[in-house]
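Trainee: Below are the chains, spelled out letter by letter.
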Amino acid sequence: MAPRSRGAKRIADALGFSTPKNHVCLSCRQSLALTRPQRGYASAATAKATVEAPPITQLSPDGPEASPVPQPIFTIKAGVVLSRPPLITPDPHPFETAYYLYQRRLNERLVLPFTQYFYYKRGTPAFEQWRTKRQARGGAATRDIGKYNAYTDEAWNDEVLEGDETGAPSKIVEQLIADEGRAEEFTGTGDPKFAGLKRRTEADEKNDQRSLERSLSRTLYLLVKNKKVAGQSQDESDFWKFPSGTIIGHEGLKQAAQRILFSSLGENMNTFFVGNHPVGHYVARFASPRPGPPPQMTTETSKASDSALLKQEVAQQPDQHPSLVNGEKTFFMKARIMAGQPSLAASQDQDIEDFRWLSKDEIEKAVHPDYWVKVKNMLATQ
Amino acid sequence: MAESHLSLRLARTWRSFVKPSICNRCLQTRRTLASQASAPQGQRDAELEEASSLGGAPDAGSGSPVRDFDPLKVPRSRKRQLVPSRYQFRSPKYYRGPLHPHQPPPPSDPASREFVPGPFSTPRLEQTYHNIIAPDFMTMCYQHTPPGFRAPQKGARLRPWIGDSPYFRNRPLRGPRGGDVLRLLRKPITFRNIPMIERVTVHSFVKGALSGGSGYIHVAGMALQAITNHRVMTHEARTNEANWGIIKGKTVSMTVDLKGEDMYHFLGKLINVVLPRIKDWNGVRATTGDNSGNLTFGLDPESVATFPEIETNYDAYPGKMIPGLHITIHTTATCDKDARLLLQQVGIPFYGKVVD
Chain A
1 MAPRSRGAKR IADALGFSTP KNHVCLSCRQ SLALTRPQRG YASAATAKAT
51 VEAPPITQLS PDGPEASPVP QPIFTIKAGV VLSRPPLITP DPHPFETAYY
101 LYQRRLNERL VLPFTQYFYY KRGTPAFEQW RTKRQARGGA ATRDIGKYNA
151 YTDEAWNDEV LEGDETGAPS KIVEQLIADE GRAEEFTGTG DPKFAGLKRR
201 TEADEKNDQR SLERSLSRTL YLLVKNKKVA GQSQDESDFW KFPSGTIIGH
251 EGLKQAAQRI LFSSLGENMN TFFVGNHPVG HYVARFASPR PGPPPQMTTE
301 TSKASDSALL KQEVAQQPDQ HPSLVNGEKT FFMKARIMAG QPSLAASQDQ
351 DIEDFRWLSK DEIEKAVHPD YWVKVKNMLA TQ
Chain B
1001 MAESHLSLRL ARTWRSFVKP SICNRCLQTR RTLASQASAP QGQRDAELEE
1051 ASSLGGAPDA GSGSPVRDFD PLKVPRSRKR QLVPSRYQFR SPKYYRGPLH
1101 PHQPPPPSDP ASREFVPGPF STPRLEQTYH NIIAPDFMTM CYQHTPPGFR
1151 APQKGARLRP WIGDSPYFRN RPLRGPRGGD VLRLLRKPIT FRNIPMIERV
1201 TVHSFVKGAL SGGSGYIHVA GMALQAITNH RVMTHEARTN EANWGIIKGK
1251 TVSMTVDLKG EDMYHFLGKL INVVLPRIKD WNGVRATTGD NSGNLTFGLD
1301 PESVATFPEI ETNYDAYPGK MIPGLHITIH TTATCDKDAR LLLQQVGIPF
1351 YGKVVD
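Heads up: the protein sequence lines correspond to chains A and B, in order. Sequential numbering from 1 applies to the first sequence in this note's numbering. Sequential numbering from 1001 applies to the second sequence in this note's numbering.
Covered by chain B, according to a simulated footprint, are these stretches of chain A (three or more residues, beta-carbon under 8 Å): (1) 105-111; (2) 271-277.
Below, in silico cross-link-like pairs of lysine-lysine (BS3-like), each with a Cα-Cα straight-line distance of 27 Å or less: (3) Lys1320/B - Lys121/A; (4) Lys198/A - Lys1269/B; (5) Lys1337/B - Lys254/A; (6) Lys254/A - Lys1187/B; (7) Lys1073/B - Lys147/A.
No lab work stands behind these hints, which were simulated from the structure alone. Note that CB positions come from ideal geometry on N, CA and C, so glycine has one too.
Could you put the whole structure together from the sequences, leaning on the hints where they help?
Mentor: What follows is the structure, encoded as structure tokens:
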């Protein structure tokens, strides 16, 4: 649908020509128009004869004659969805573990035997060591299938019993490290059983939500807590949001997002903005119009349109251009953090009280349900 | 006809009176939070079990029959062996048609002769692709169009033969202007067609085998098998080529085609272990590619020797016999630019002039 006809529809809506009871939303109507069933030849011919609105082939802003009906005014804001991608693979589901172990044991029964003399020369210490370890494993060449020999009469007994931890990844890692026998060289302060490797960190134990070392297998997103605004009834969940701020002048979304991130949370972050397009948006309509930032103005006559007013006009008639806004639209830019941390001390923005790194599940609990519905689809599940 | 239309319209109006705010079509397709919450409480599926069998039996204590079950107890106590003809299933060796009473089991059945076990793990690179790379790729390649946008129609790429000549009738269409090659079309990237790595071909041309005997072939085969976890396919020269010393019918090269789990493990080793250890390596030359999203690069024998499988057992391979490799990464991208972007995200650097 062309913007112009959309404007006409708005007028019709405002004047009450279209009944709200037969309401079909805009996106549905478009897809219905695309999938309209085939009609008879006669009606098709008449449809061909009527002049269709020309398709839009490039972005064209509404001209000054677009619509006389007062449109709600929104503040345009840029938001930043700053995330830390998962650092380790997730814990496998118990079914996954059991399935993989079963498949590995089936494989052991079907593949050609391990060519041990290619890897261990007969009579060398390495060969003797290999042989003793193999015997301890019940004769299996591979180290990740537990005590199982595929070449005996009881090889059919390849399923692990209830409570057996043979296939668990932690068990396999533990065995490999014990097999190597050099854990002390690599273990710092951690557990020598896992050579100091950890899947849960101190921040996990303390549930330190400001730390980036927490929940290593999940994507963590940066949320900030805004201060309470005087004179508005706000719930606790209203405060937690992605960092965002109003766009100033002619800057683009990405530029604005970068400025907002650094000015509100300090420059001690190495970030990378993914793409130049927003990944989601959130529209908030205020219950009553609020005074917003001064309208965008320009002195160039060529650039003047509805959105950017002429400075001269505003100066002549200040009461004609009240700076009241009906709501705000936030467009979210996707970004990744490589290093660093936000700091509240370096913040130039006085509105921010606190920040947290939260996974998707935790965000759901922290933010307002309306905000969550708009925001959830741009967050990664893992 | 008209009456039914009227009644339909009436019914629709009545429905919209009852639920005025939501579009009917949306109601069918979209699930709201309320409907999600109410659905499971309404009725339970009788066939679904309440508890998971994986969580363990409720009374799985130390003395319970679940814990103490010994699968070997009964077979060991048996005095005589079971009759193999009755208790051992053997899949028929040949498929004798759909009407034969003895049908082989499907290949996914472990009893089938065609059964291939696997997969054995979920590779880290695969998980990274699904969690990080694919969403980022879509964000980077997103192109916005206003609602109602219709892309301008392009003419057909294959042109008809226009003219009075009788030979033009039923003649196959002409190729595009400027060449007979029909390039792949690049469609806008959506969540359905994010490029991914489809398969990897590892190829090795064994030059030493031309003059030095078959030993080179055997060593190259073992090395390739060790690093790819697959048997190699050998290839014979198809023609005589005196300048290169190639004799028709002699084995000169070998390839391995990798897919799925093995492919991801191979790429993981390559990107995380082998490539970072190459001295003075700039990256893959950016001019590589066949214009349809398949990129190739080479590794010299010294780099191949740094694959962990070969490095741990380096002495087993005769000196100077480890082969160099050509690695072709086939992606589902339809142009080289997208494929390069994907591989850069995966961790393969590119250098030099870019040609698109």
